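**Student:** Listed here are the chains, written in short residue letters.
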Amino acid sequence: MLMERLLSLESWKRGLWTIVRLVLIIGLSFVILYPIIQKISTSIKDKADMYSPIVVFIPEHFTLDNFKQAITIMDYWKTLVNTIGLSTMTTILTAVSCAFAGYAFARLKFKGSNLLFAGVILTILVPPTTILIPIYMNLKDFTLLGLVPLLTGGKSINLLDSYWPFILTSITANSLKAGLYIFIFRQFFRGIPKEVEEAAYIDGAGIGSTFLRIMLPNATPSIITVLLFSFVWQWNDSFFTTTYLTSSKVMSTQLTSLPYNLQIMLEGGATTNKDPFFMSMVQDTGILLAILPLVILYLFVQRYFVESIERTGIVG
Amino acid sequence: MKPIAKRLFRSRTYNEQKALWGFMYVLPWLLGFLFFFLIPLLYSLQYSLSEIEANANGMTIKFIGFENFKEALTVNTSFNRILTESVIDMVVNVPLIVIFSLFLAVLLNQKFVGRGIARSIFFLPVILASGVIANLEAESLVQAINEQNATGGVFTTGTMELMTIMLNSGMNEDIVMYLMDAVERIYQIVSQSGVQILIFLAGIQTISPQLYEASKIEGATGYEAFWKITFPMVSPLILVNVIYTIIDSFSRNDMTTLIRETGFTSFNFGLSSAMAWIYFLVIMIILLISTYIISKRVFYQE
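These protein sequences, in sequence, are chains A and B. For the first sequence, position 296 (counting from the first letter as 1) is numbered 296 according to the working numbering, and the numbering increases by one without interruption. The working numbering runs 1000 ahead of the 1-based position in the second sequence.
Just chain A, with the same shape it has in the complex:
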């Protein structure tokens, strides 16, 4: 009797918790998805619907005008190609250089390597704003300790407004948040048993081939994590991108200047067009267009992403 009552109380509690959990998760999911849903609904609305009190989410007059506007203003297709190119390039270069550095910090200890790793931590901790201006000056008159003027005949080169700053910083593992990636790789490589390496060495593998053929294939989860993070953050980054690139068309610079460009375009048109609501509408559509490729990418890789991060050993 008593046992049964206890059991039922337990199951009551469990049932209640399930409901509470469900409500919480659905509610919070809604909070996360709400802005996206809102943007989608705004982007397919006609201007007339903006003022209509009846329309909340589903538009009365369905239209793709906003998309057309945003695509022309942002020069979308060209921007898309540029952004994909830039992000892919920096992502791959950063992942390679960070993997090497991370492996060295984890396993190939040399005198002072701990001190250098403290340097990695320092790069994570210092806000990028602190070094922004000197980097900017440095890239504007790039001399590399006076080596470049020797080659070009006494003139420094201006690296700004090209992809060179991105290439240089990613080859040298100092691009956006690279310290974090080195940290992730180091933690992961530390988690692989030493015996694996020793076995490879006994079988005659050198350091390089041990790393490339034994350790790297084992590190797939951390590689995926780093690739994803760095791709996404590079895509969204406006801080370095707007500093390094002034005229080139990349998603984040285009988004930053979207309101401005929109205003210029509407300047010539009829005055009724210069409606803050309409501008905001096009801007929302622009944001939607900018994140769309990321969302599509995420849909494909999210499973791998969620699984892999659990095994990366950020945690250890």
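It cannot be assumed that every hint is accurate.
For each label pair, taking beta carbons as the anchor points, the in silico distance ranges come out as [what the hints assert, rightly or not]:
(1) Y34(A) with I1061(B): 44 to 52 Å
(2) V301(A) with E1261(B): 31 to 39 Å
(3) K1111(B) with W12(A): 18 to 26 Å
Quick caveat, the hints were computed from the structure, so don't treat them as lab data. Just so it is clear, the structure is predicted and the values come from calculations on it, not from any experiment. A virtual CB, placed ideally from N, CA and C, is assigned to each residue, including glycine.
Got chain A sorted already, so can you dock chain B onto it with the hints?
**Tutor:** This is chain B only, laid out in the frame that chain A set:
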């Protein structure tokens, strides 16, 4: 070339080889660290202590001591305000984000129908809520209007009532205000805690299930299991998450904007660098204090 290299390498022991290769692997990073980090950092320190004039011959740098720092702290109209605002924001948000993400990680670790979907929704902010998108979102007019419409109705009255109930039941006013603030910031918090949830979730999954089994046999409730097992086991990660949250806030606060504008719009490099250094020092102090407080309470397995 090859035989020489071979002979060079033959004569080394395994450990020496490792050290050599280790240095080779770190070398690219080291070069980048010097050129794109350490030297700029030192320059920035120099700029912050000098007056910089750009003219036809390039730049003239004149040492003026702490004038720029003085100007930032006493003359500049917005620096103090923005600095305190971003620090307060940080102090308010960091505990909320950490607690919230721990809670969600525990929630997402439980088995229920649709867990995969829930997880992918909760990690979506990792992708969406960074950098330029978050900045632009804040400016969206349509959204602002819609939000106003939404909060004009049920939501506000609901929280108001809850607030009165909590106040009447004798809770501390500050705590109530803090919680209400948290409710109002819910989107901000949710959108900033993607990575933190991931880290906590990964941490929870490394806890061995035997611990939970044993505690269940001993008669521990889920609540007790959380405080006695889950919490101590993930406590080292709290530190990681606090640090990550603080670092993450660099990319989206007004301080960054102000420093940039001073540097690139009004071309006052000296003042801008001084501001950046003050900001850096303040962040460092916060990081040190929080590391000190947390690491005293953290449980390590070793």
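**Student:** All hints, please: hold or fail.
**Tutor:** Taking the hints in turn, this is what the structure says about them:
no. : hint                              : in the structure
1   : Y34(A) with I1061(B): 44 to 52 Å  : 51 Å, holds
2   : V301(A) with E1261(B): 31 to 39 Å : 37 Å, holds
3   : K1111(B) with W12(A): 18 to 26 Å  : 19 Å, holds
Checked against the numbered hints above, the structure breaks none of them.
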